[in-house]
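Undergrad: The residues making up each chain are set out below.
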Amino acid sequence: MQQIISMLIKEFKQIFRTREMVAVIFGVPLAQMVILGYTITNEVKNVSLFIADRDNSRLSREFIRAFGQTDRFNIIAYETDRKKIEQGIQSWDAQMAIVVPRNFNCDIQRGQKPEIQIIVDGVDGNTAGVAVGYAQGILSQVALNFYNNRSIPFSFRTNRIVQMEERMFYNLNLDNAQYMIPGIVVVLVTIISMMLSAINLVREKEIGTLEQLLVTPLSRYQLLFGKLLPFLLLTFLELFLVMTCAKFIFSIHVHGSYLLMAALAAIFLFTTLGLGIFVSTITGTQQQAMFVSWFMMVFMLIMSGFFIPIENMPDILQKITYLNPMRYFLYIIRDIIQKGASLPYLLSDVIPMTVYGLVIFILSIMNFHKRLA
Amino acid sequence: MIRSPNRIFAISRKEFLHIIHDPRSLLIIFVMPIAQLVMFGYALNMEIQNIDLAVIDYSKTEYSRRLVQEFEGNNFFRPYYYEGKYSEIEQLFLKREARVILIIEKDFDKNYQLTGSVAVQILIDAADPNAGTMMKYYCNFVINNFNERYGGKVLLPFNVQPRIWYNPDLKSSYFFVPGLVALILVMISALLTSITITREKEMGTMEQILVSPVKPREIIIGKVLPYILMAFLDGFLILLIGVVLFNVPFEGSYLLLIFLSTLYITTALSLGLMISTIVSTQQVAMMVALASTLLPTVMLSGFIFPIKSMPVILQYISYVVPAKYYLIIIRGIMLKGNTLAQLATQMLFLLLMTAILLRNALVRFKTNLEK
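Respectively, the protein sequence lines represent chains A and B.
Per this note's numbering, the very first residue in the first sequence carries number 409; after that it's consecutive.
Per this note's numbering, the very first residue in the second sequence carries number 2; after that it's consecutive.
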C-alpha cells in the first residue's frame, strides 16, 4: 500500500511538474468548451445578401423589409445589374442574391405567376440549403400576409384546414448549447483519459524510465494501477470542473442524477484508459502515441453523433457506429443531462458500454504484460 | 541566407530518415486524411429521414386516417400507432421509440367537417434543437400537403426558383475536400515541426547539433524541408482522391493554388517554430499545438461551421486563424475559379501573419540558444 502511495505521489509530481502541463490539463479544456459551445451550431445566420429589386412595387419592398429585419440575412447591397451580382458572388462579397423581376406585381395581378430567383453560392452546400429554405419561408410568409390584408387576386384561402400545435420537449428555447455542451464534456473526458495516459506511458518507455520502474519492488499490477489512478482522478476533477463552468457559462441544467452520471463515467473510463494502455503498447514514441490516439479520436468523434446525427448517416456507417464506445456514452450523458433519464431507460447503452470497457481493459492489460515480459 | 546547402541537406536527410524509420506515424499521416475524407464525404448529412412517429389517434375516422397516410407517404416519417396510456407517452422519448408524437383529438373529424378548422397536437423531441426545428418543418410540410389535397388550394401567386451555383447538388464533398487539404497542411506543418524541434530539446540532442558547425538557421531550414515535402504530397493525395473519387471540380489555376499553398505552409511552419520555442516538452508541445492549430482550424476557420453564424468575439478571433484565409483561397480556386486579384486580401493577411510569426520565432530561437 505504502508503495502504491509513493508511486502515486511521484506520478502527480511528474504530471504537475511543469506549469505548462497544469495549463494544458485545466486551461485548454475550458477554452475548448467555450469555443466549441459557441461555434458548433447548425443554425445559419448573417448570410450576406444582394437584393436585386427590378420591380420596386409595394410587395417587393415588403420583401426587402422582411429580409432586412431578420438576423438570418444581412443585406450588403442593392444591385440590379446581373453582371455585378455574378462578380460579387464569385469574389465572396455575397453568398446569396434575391432577384425580383420587372413587372412582378403586375404579372401577379394578371395571374401570370412570375418567378423570383434566389441565386446562392453552393460551395458550402449545407449552409446554402438552409439559407434557401429560410428565404423561401420569408417570401411566402410575406406574400401571404400581404394578400391577407388586401384584395386577393385569386383564392389561396382554403375551405377546411388542419392546424398544428407543436410542443418542443427537453429544449423549449431551442438552445443549441444544451445539446452540444454534454457532447463536448464527453470529448474532453475522452481526450484527457485516453490521449494523456497513452502519451504518459509511452514517455516512460521512450526515456527509458519504464525499465527503472520495473526493477523497483512494485508488482506490475501496482505499477499500472499507480499509472492509471492519477488519470482517473484527473478526469473526474476535469469532469467536475467542466460541468461547473457549463452550468455558469451556458446555464446547463442537469435534469438527471449526478451520481448516475459519475458512475457511468467511471465505466466509460475503463474503455478510454484501456485504449490508452493499448496505444502505449503498440507505439514506441510519444509522437506515435499522439498520432494513433488522435486517429482514434477523430474516428470516435465523427462516428459518435457528436455533431453529425447518426440517424442521417447511410446505413453502413450507422452500423459502424455501434463499434464506437463513445456513441454509447454520448447518448447516456445527453439523456441524463437533458431528459433526466434514469438507469432503466439507459440500459440499452450501458450494457454494451460496460462489455466494451471490460473487454478492452482486460485485453489491453494482458497485452501490456506480454510486451513487458 | 543559405550559406551551405550541403549542411542543410545533411540535416534534412537525417530528419527524413527519422520519418521513414517510423512507418506507423507515416501511415497515419497519409491514411487518416483519406479516412476522414470518406467519412465526411458520406456521413455528413443534415437531412433527417425515417423519423419514428408515434400516432395516438382518438378519432379513428376517415380523415384522421388520411392524415396519418399523408405522414406515411414520404421519406421523412415512419408512423406507427401507439396503443399505450396517454400518461406514459413521454417514455416514448426516453426509450427513443419515437422522436415525434402526433395526437389527434376525439372530435377531429367532426370539427374538420363542420367548422372547417381543427388542430392536431405534435410533440417533438427537441433535445437536438436543429433536428427539432427540422422535424417541425417536416410536420408543417406534411400538414400543408394534406390541406392542399383535401381542403382546397393553397398556392402562392408566384414561383420561387433557387439557382445554386458552383455546387448544384449541394454535395458536402465539394466543401470538405478543399477543407481537409487546409487542415492537413496546417497539421503537418505546425504540429509535426513543433514536435520535432521540441523532441531534440527534450532528448538533449539539440545541444549536440549546436556544437556542430551548423548554424541555427540551417538547422531550422533543414529540419522543416522534409515536412514541407510531406505536406505537399499529402495535400496532393487528398486533392487527387477528391477529384477522382468524389468528382470535385477544379476550375481555377493549378499554378496559383501551388503558389498560395506554399505561402500557407510557410505560415503554418512559422507557427510550429514559434510553439517549439515556447515549450520545453513534447507532451506540452502536442497539447499546445493541438489547441492552437487543430481546434481553431476545425472550429474557427469556416471548415465546417460558417464564421458569420458565430458570436462577434469569435468572429474577431477568426481573423488570426490562417486557415480562414486559405479556405477561401483553395475553395475559391477549385470551385469558383478565382483569380489572384480576387484573392489579394487573403494573400496579404497570410503574408503579414507569416512575417510576424517568423520574426518572433527566429528571435526567440536565438535567445533560447544563447541561454
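One thing to keep in mind: the hints can contain errors.
Here are the in silico distance ranges between beta carbons for each label pair [said to hold, decoys possible]:
| no. | chain 1 | residue 1 | chain 2 | residue 2 | range |
| --- | --- | --- | --- | --- | --- |
| 1 | B | T340 | A | L755 | 32 to 38 Å |
| 2 | B | I90 | A | C514 | 37 to 43 Å |
| 3 | A | S750 | B | Q316 | 39 to 45 Å |
| 4 | B | Y43 | A | L637 | 39 to 45 Å |
| 5 | B | H19 | A | L649 | 34 to 40 Å |
| 6 | B | Q70 | A | D501 | 44 to 50 Å |
| 7 | A | I770 | B | H19 | 33 to 39 Å |
| 8 | A | E523 | B | I90 | 52 to 58 Å |
| 9 | A | T488 | B | T340 | 24 to 30 Å |
| 10 | B | H19 | A | Q620 | 32 to 38 Å |
| 11 | A | L640 | B | L230 | 38 to 44 Å |
Hints in this document: simulated from the structure, not taken from any laboratory.
Only a predicted model underlies this, so the values are computations on that prediction, with no experimental measurement involved.
Even glycine gets a Cβ: it sits at the ideal position worked out from N, Cα and C.
Undergrad: Determine for every hint whether it applies to the structure shown.
TA: Hints versus structure:
1. B:T340 with A:L755: 32 to 38 Å: violated (60 Å)
2. B:I90 with A:C514: 37 to 43 Å: violated (52 Å)
3. A:S750 with B:Q316: 39 to 45 Å: Because 41 Å falls inside the window, the suggested range holds.
4. B:Y43 with A:L637: 39 to 45 Å: At roughly 40 Å between Cβ atoms, L637 of chain A and Y43 of chain B fall inside 39 to 45 Å, so the hint holds.
5. B:H19 with A:L649: 34 to 40 Å: holds (38 Å)
6. B:Q70 with A:D501: 44 to 50 Å: This hint holds: roughly 47 Å between Cβ atoms.
7. A:I770 with B:H19: 33 to 39 Å: holds (35 Å)
8. A:E523 with B:I90: 52 to 58 Å: 45 Å Cβ-Cβ, so the 52 to 58 Å window is violated.
9. A:T488 with B:T340: 24 to 30 Å: The hinted range 24 to 30 Å holds for T488 of chain A and T340 of chain B, with Cβ atoms some 25 Å apart.
10. B:H19 with A:Q620: 32 to 38 Å: About 26 Å separates the Cβ atoms of H19 of chain B and Q620 of chain A, which means 32 to 38 Å is violated.
11. A:L640 with B:L230: 38 to 44 Å: Roughly 42 Å apart at Cβ, these two residues keep to the hinted range, so it holds.
In this structure, the earlier hints numbered 1, 2, 8 and 10 are contradicted, and the remaining ones agree with it.
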